[in-house]
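S.K.: From first to last, the protein sequence lines stand for chains A and B.
Counting with UniProt numbering, you get residues 1 to 591 for the letters of the first sequence.
Counting with UniProt numbering, you get residues 1 to 591 for the letters of the second sequence.
These are calculated hints, taken from the structure and not from any lab test.
Note that the list lumps identical chains together, so a pair holds whenever it fits in one copy or between two copies.
In the DSSO-like style, the derived pairs of lysine-lysine whose C-alpha atoms are separated by at most 30 Å in a straight line are:
no., residue 1, residue 2
1, 177, 250
2, 316, 505
3, 177, 316
4, 177, 144
5, 490, 469
6, 250, 77
7, 250, 316
8, 486, 455
9, 45, 77
10, 84, 144
11, 45, 316
12, 455, 490
13, 465, 455
Number of protein chains: 2
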Amino acid sequence: MSYTAPTRDMQFVLNEVLEVSSSDVPGYGELEPDFTSAILEEAGKLARDVLAPLNASGDREGCRLENGVVYTPEGFKAAFEAMKAGGWNGLDLPEAYGGQNLPTIMYTAVGEIFVSANMAFNMYQGLTHGAVGTILAHGTEAQKATYAPKMISLDWTGTMNLTEPHCGTDLGQIRTKAEPQDDGSYRITGQKIFISAGDHDMAENVVHLVLAKAPGGGEGTRGISLFIVPKFLVHEDGSLGRRNGVSVGKIEEKMGIHGNATCVMNYDGAVGYLLGELHRGMSAMFTMMNEARLAVGIQGYAVAEPAYQAAVTYAKERLQGRAVTGAENPSGPADPLIVHPDIRRNLMDQKSFLEGARAFVLWGAALLDRAHRSDDAAAEGLISLLTPVIKGFLTDKGFEAAVNAQQIFGGHGYIEEQGMSQFARDARITMIYEGANGVQALDLVGRKLAADGGKPVMAFFEIVKGFIKENEGDEALNADFLEPLKAASKDLQAAGMYFMAEGMKNPNAALSGSYDFMHLFGHVCLGLMWARSAKAAQAALANAAADRAFYETKLATGRYYMARQLPLTATHLARIRSGAEPVMSLPAEAF
Amino acid sequence: MSYTAPTRDMQFVLNEVLEVSSSDVPGYGELEPDFTSAILEEAGKLARDVLAPLNASGDREGCRLENGVVYTPEGFKAAFEAMKAGGWNGLDLPEAYGGQNLPTIMYTAVGEIFVSANMAFNMYQGLTHGAVGTILAHGTEAQKATYAPKMISLDWTGTMNLTEPHCGTDLGQIRTKAEPQDDGSYRITGQKIFISAGDHDMAENVVHLVLAKAPGGGEGTRGISLFIVPKFLVHEDGSLGRRNGVSVGKIEEKMGIHGNATCVMNYDGAVGYLLGELHRGMSAMFTMMNEARLAVGIQGYAVAEPAYQAAVTYAKERLQGRAVTGAENPSGPADPLIVHPDIRRNLMDQKSFLEGARAFVLWGAALLDRAHRSDDAAAEGLISLLTPVIKGFLTDKGFEAAVNAQQIFGGHGYIEEQGMSQFARDARITMIYEGANGVQALDLVGRKLAADGGKPVMAFFEIVKGFIKENEGDEALNADFLEPLKAASKDLQAAGMYFMAEGMKNPNAALSGSYDFMHLFGHVCLGLMWARSAKAAQAALANAAADRAFYETKLATGRYYMARQLPLTATHLARIRSGAEPVMSLPAEAF
Numbered sequence: 001m002s003y004t005a006p007t008r009d010m011q012f013v014l015n016e017v018l019e020v021s022s023s024d025v026p027g028y029g030e031l032e033p034d035f036t037s038a039i040l041e042e043a044g045k046l047a048r049d050v051l052a053p054l055n056a057s058g059d060r061e062g063c064r065l066e067n068g069v070v071y072t073p074e075g076f077k078a079a080f081e082a083m084k085a086g087g088w089n090g091l092d093l094p095e096a097y098g099g100q101n102l103p104t105i106m107y108t109a110v111g112e113i114f115v116s117a118n119m120a121f122n123m124y125q126g127l128t129h130g131a132v133g134t135i136l137a138h139g140t141e142a143q144k145a146t147y148a149p150k151m152i153s154l155d156w157t158g159t160m161n162l163t164e165p166h167c168g169t170d171l172g173q174i175r176t177k178a179e180p181q182d183d184g185s186y187r188i189t190g191q192k193i194f195i196s197a198g199d200h201d202m203a204e205n206v207v208h209l210v211l212a213k214a215p216g217g218g219e220g221t222r223g224i225s226l227f228i229v230p231k232f233l234v235h236e237d238g239s240l241g242r243r244n245g246v247s248v249g250k251i252e253e254k255m256g257i258h259g260n261a262t263c264v265m266n267y268d269g270a271v272g273y274l275l276g277e278l279h280r281g282m283s284a285m286f287t288m289m290n291e292a293r294l295a296v297g298i299q300g301y302a303v304a305e306p307a308y309q310a311a312v313t314y315a316k317e318r319l320q321g322r323a324v325t326g327a328e329n330p331s332g333p334a335d336p337l338i339v340h341p342d343i344r345r346n347l348m349d350q351k352s353f354l355e356g357a358r359a360f361v362l363w364g365a366a367l368l369d370r371a372h373r374s375d376d377a378a379a380e381g382l383i384s385l386l387t388p389v390i391k392g393f394l395t396d397k398g399f400e401a402a403v404n405a406q407q408i409f410g411g412h413g414y415i416e417e418q419g420m421s422q423f424a425r426d427a428r429i430t431m432i433y434e435g436a437n438g439v440q441a442l443d444l445v446g447r448k449l450a451a452d453g454g455k456p457v458m459a460f461f462e463i464v465k466g467f468i469k470e471n472e473g474d475e476a477l478n479a480d481f482l483e484p485l486k487a488a489s490k491d492l493q494a495a496g497m498y499f500m501a502e503g504m505k506n507p508n509a510a511l512s513g514s515y516d517f518m519h520l521f522g523h524v525c526l527g528l529m530w531a532r533s534a535k536a537a538q539a540a541l542a543n544a545a546a547d548r549a550f551y552e553t554k555l556a557t558g559r560y561y562m563a564r565q566l567p568l569t570a571t572h573l574a575r576i577r578s579g580a581e582p583v584m585s586l587p588a589e590a591f
Numbered sequence: 001m002s003y004t005a006p007t008r009d010m011q012f013v014l015n016e017v018l019e020v021s022s023s024d025v026p027g028y029g030e031l032e033p034d035f036t037s038a039i040l041e042e043a044g045k046l047a048r049d050v051l052a053p054l055n056a057s058g059d060r061e062g063c064r065l066e067n068g069v070v071y072t073p074e075g076f077k078a079a080f081e082a083m084k085a086g087g088w089n090g091l092d093l094p095e096a097y098g099g100q101n102l103p104t105i106m107y108t109a110v111g112e113i114f115v116s117a118n119m120a121f122n123m124y125q126g127l128t129h130g131a132v133g134t135i136l137a138h139g140t141e142a143q144k145a146t147y148a149p150k151m152i153s154l155d156w157t158g159t160m161n162l163t164e165p166h167c168g169t170d171l172g173q174i175r176t177k178a179e180p181q182d183d184g185s186y187r188i189t190g191q192k193i194f195i196s197a198g199d200h201d202m203a204e205n206v207v208h209l210v211l212a213k214a215p216g217g218g219e220g221t222r223g224i225s226l227f228i229v230p231k232f233l234v235h236e237d238g239s240l241g242r243r244n245g246v247s248v249g250k251i252e253e254k255m256g257i258h259g260n261a262t263c264v265m266n267y268d269g270a271v272g273y274l275l276g277e278l279h280r281g282m283s284a285m286f287t288m289m290n291e292a293r294l295a296v297g298i299q300g301y302a303v304a305e306p307a308y309q310a311a312v313t314y315a316k317e318r319l320q321g322r323a324v325t326g327a328e329n330p331s332g333p334a335d336p337l338i339v340h341p342d343i344r345r346n347l348m349d350q351k352s353f354l355e356g357a358r359a360f361v362l363w364g365a366a367l368l369d370r371a372h373r374s375d376d377a378a379a380e381g382l383i384s385l386l387t388p389v390i391k392g393f394l395t396d397k398g399f400e401a402a403v404n405a406q407q408i409f410g411g412h413g414y415i416e417e418q419g420m421s422q423f424a425r426d427a428r429i430t431m432i433y434e435g436a437n438g439v440q441a442l443d444l445v446g447r448k449l450a451a452d453g454g455k456p457v458m459a460f461f462e463i464v465k466g467f468i469k470e471n472e473g474d475e476a477l478n479a480d481f482l483e484p485l486k487a488a489s490k491d492l493q494a495a496g497m498y499f500m501a502e503g504m505k506n507p508n509a510a511l512s513g514s515y516d517f518m519h520l521f522g523h524v525c526l527g528l529m530w531a532r533s534a535k536a537a538q539a540a541l542a543n544a545a546a547d548r549a550f551y552e553t554k555l556a557t558g559r560y561y562m563a564r565q566l567p568l569t570a571t572h573l574a575r576i577r578s579g580a581e582p583v584m585s586l587p588a589e590a591f
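Make the full structure from the sequences, and use the hints.
M.R.: Here it is, written out as structure tokens:
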């Protein structure tokens with residue numbers, strides 16, 4: 001299946017919506033259009049020529065375990081070499097360890113492109129990026145020197161080991177043990193499951209980050225520490241030593257992402273090295289999880305982009321039926337699907353979501369850069385608040401978009417050969433891993449909303465209000481964009497008020513509405529991004545920009561989102577206000 | 001995976017909501033609780049003991065084509081013998097040909113049970129039922145005598161051949177040719193694709209109903225006729241003769257329903273017999289399609305029922321986290337998932353949909369019985385109006401429910417071994433085949449709404465209004481059920497008015513909202529069924545019925561649907577009223 005990176009749209013968001021190169025975030029000054037464009041085009045080329053052609057074949061072939069060795073699908077190894085050669089994994093990582101130290105917003109845009117081209121493949125790199133980030137944040141100087149250069153270069157890859165058969169979300173229950181040794185290392189014993197990129201044949205070594213319980217930490221999550229457990233032990237000179245006591249028990253048969261080896265990992269007295277503080281493993285792991293949640297949010301919409309592109313091509317080529325207002329292809333046997341209003345409705349749902357999501361995620365990455373590069377606590381608070389929305393909302397809607405794209409193909413969409421089933425199957429996991437979306441909603445309502453005395457959520461409302469106030473003199477913008485945004489934002493505030501009033505008395509009253517709140521929040525975020533995008537598009541048109549069609553399309557797409565998606569906020573609010581009673585009233589045995 | 005037929009709920013709908021045995025529809029008098037219960041329990045036993053155990057293995061193994069012969073998964077043949085032995089296919093078919101002539105409502109209830117247990121398997125029977133129904137409706141006496149007994153007994157099975165590689169919905173484009181022969185038969189040549197149950201090893205013969213173009217019929221759908229093309233020709237004495245010129249080109253690799261052989265069928269001068277009138281094939285095929293659309297609507301929710309049952313079991317057994325209001329399983333390592341509000345929200349979404357859908361479909365079957373057995377044109381008009389709603393709405397929501405059930409399992413839901421992926425993959429096809437759901441919406445808004453001068457839709461509103469008026473004195477019913485129903489019904493009427501006012505000027509204004517209208521209509525239908533169910537449950541409680549817990553659960557579940565699902569009608573209306581502009585404004589090249 002062919003894939004073309006949406007570099008034009010990315011450029012619009014970077015240069016015209018977020019105006020990155022004039023931002024005061026350190027490092028943003030160099031993000032001039034020519035520079036960012038060169039990076040995105042290069043990523044697009046790799047995606048189109050190398051990664052996308054392996055997407056369907058990787059799905060069909062899957063990974064296999066033979067005599068303890070994991071083999072990835074045909075072609076993955078060569079593609080991984082190309083990924084390494086491009087230095088993509090180090091794009092936003094420190095130069096001291098071989099990275100390029102660019103802002104994370106660039107890594108984010110490139111990440112969307114690679115995920116779209118081949119999500120299962122890109123996870124080998126993505127998990128390594130998260131693992132090395134955790135080592136850089138919590139490791140000793142020696143650990144950083146040992147692991148970071150090799151992992152940034154992708155000579156070695158990384159994994160994250162949390163889940164065990166009897167617990168996923170509730171990590172306090174883990175049983176994997178870490179026994180301290182005289183030399184300061186630990187022996188790790190236990191079983192971890194659902195380990196993405198757990199092993200493979202594309203790198204010399206695999207560096208596992210493993211949550212385990214060392215003696216003396218107490219019950220529950222307090223007893224958890226984080227350990228570095230390499231597949232091959234590393235000598236002091238950096239060369240590889242003997243095989244460590246970690247092996248692959250099996251590769252799971254999954255609904256999708258077949259090209260990624262999801263492994264059962266067995267640790268049998270494996271040598272492990274404490275990463276960060278003893279008994280503070282959860283907080284170290286959160287570094288990795290937060291990045292991973294954003295990454296999964298990106299996957300959520302990115303996997304739907306090639307599905308949309310394929311659906312558009314099919315809708316223009318497949319001749320079926322006639323336009324109700326008169327034949328548009330009178331010399332052919334029928335009109336193309338795209339003349340039909342319901343096909344349009346479906347495609348517009350996808351398009352308006354995808355572009356809104358892209359702007360939202362890049363804004364999120366800009367907040368992250370501001371938080372890290374300017375040590376800006378407000379930005380840190382805001383992206384922390386938005387992380388569960390990005391993860392939960394974008395993955396739910398991304399799956400919906402992929403399913404919608406599949407629907408355009410009719411019966412052909414259900415046949416594996418066509419490739420549309422894969423997008424839906426792959427997208428499905430994004431709603432589940434890195435905290436199922438219900439857990440994201442719980443995190444949002446139970447933790448993030450009240451964090452720091454509610455400052456982050458207040459700041460969010462100020463941004464929305466500020467934007468509306470600043471622009472309400474613009475009539476066109478006001479009617480089509482600001483009014484719907486104002487109404488949606490009011491619904492979000494009303495939902496927050498309801499939680500404050502009722503949640504105090506009964507926490508279930510808030511938590512019964514948490515999922516709806518996450519979606520309500522998501523719509524307001526996309527509404528804000530569309531309003532900002534519309535303003536930028538209007539400005540370009542007023543300045544007689546060359547590419548009028550692009551900006552007019554942008555405005556029409558935004559109007560669609562505002563008119564047809566934002567009204568959902570009222571339903572979410574109505575559900576939230578129905579409270580705990582409908583949700584909680586049945587005894588368990590009544591189900 | 002285990003499955004228990006929801007016979008208690010079916011009994012409630014039959015006896016207390018629809019009050020079948022006191023209905024004046026011919027044949028309904030015998031539907032006493034003891035009688036219907038015996039049938040449902042027997043079907044439940046077959047489903048639980050024979051069909052459900054083959055569901056996952058059938059998915060894993062799939063069908064295979066070897067030297068032109070199609071083999072079904074291990075165990076299917078024996079199960080098919082059990083299905084035959086029970087006489088289930090003839091439940092509502094004429095006694096003259098070996099059927100039992102029971103009302104279709106019983107076949108419908110039994111159908112739900114079999115689909116839930118094993119959807120892919122049940123399609124072999126289901127398609128045969130549709131095909132023999134078409135022969136009974138349009139065949140000559142000789143054709144009926146030749147085919148009906150063998151097909152009702154399932155010695156022979158049936159298929160329906162419409163789609164060709166270049167056309168599905170737009171059948172006017174078909175290229176399969178029928179050449180008349182001197183003996184009155186035809187020679188059929190062409191290729192048909194996506195033929196469910198196209199061939200297999202469980203029956204002596206397969207009777208294909210094939211759409212083809214015979215000379216002299218003109219362009220488009222007017223030139224189409226319907227033919228009976230048996231796999232083996234049938235001698236006058238009913239014995240099987242030589243193999244006909246029809247063969248399986250391949251079995252498609254699909255996203256789901258792997259246990260059903262979806263075949264490419266090649267017709268190479270195959271002998272065919274005209275069924276019904278020459279050049280009137282489309283209207284004959286509609287007999288089959290209408291039944292098939294209802295059957296797919298049943299599949300839509302039925303496939304989600306075992307997924308719900310599995311999710312409930314998992315939510316009660318899996319220990320993860322603690323209730324926010326205090327531990328409920330303090331002696332265990334954690335509380336069961338079911339204590340968490342968002343898990344409840346998810347399960348209640350499924351439960352309230354499934355029970356509402358069941359009542360809706362059984363009401364639809366009762367309308368069908370009234371139409372056929374009492375020759376009631378009003379009932380015929382109403383079920384014709386509701387058919388696209390049953391098909392489109394119940395399959396969209398059924399898929400959503402199956403995906404939600406899968407979500408309860410977290411990462412385990414994504415692993416094929418658990419079985420939850422299969423429910424989602426199987427459910428996905430129901431939104432596509434027998435007319436993709438966009439086509440159902442088009443049928444509803446473009447055809448059914450205005451049919452017979454709008455009489456059927458007026459009749460529907462009268463039923464809703466009548467029920468509200470009749471019961472508004474009942475305060476409890478009024479607040480929780482009638483008020484929300486009234487509001488939703490008002491939204492539906494407003495949408496209809498919008499279509500009338502705007503659709504006249506621009507048909508795209510109506511068709512841009514067709515999908516939302518289908519969903520809006522679906523919610524009003526389920527709202528009506530919940531209001532009726534609530535009334536019946538209240539009556540039972542007032543009459544000191546033994547099974548109080550059942551009725552109280554019914555009321556609580558209904559309240560959930562009304563409070564949390566019906567508010568969606570406002571969003572659908574808002575979208576509809578946004579008209580054609582947002583949907584249609586982009587030129588095709590802007591996508």
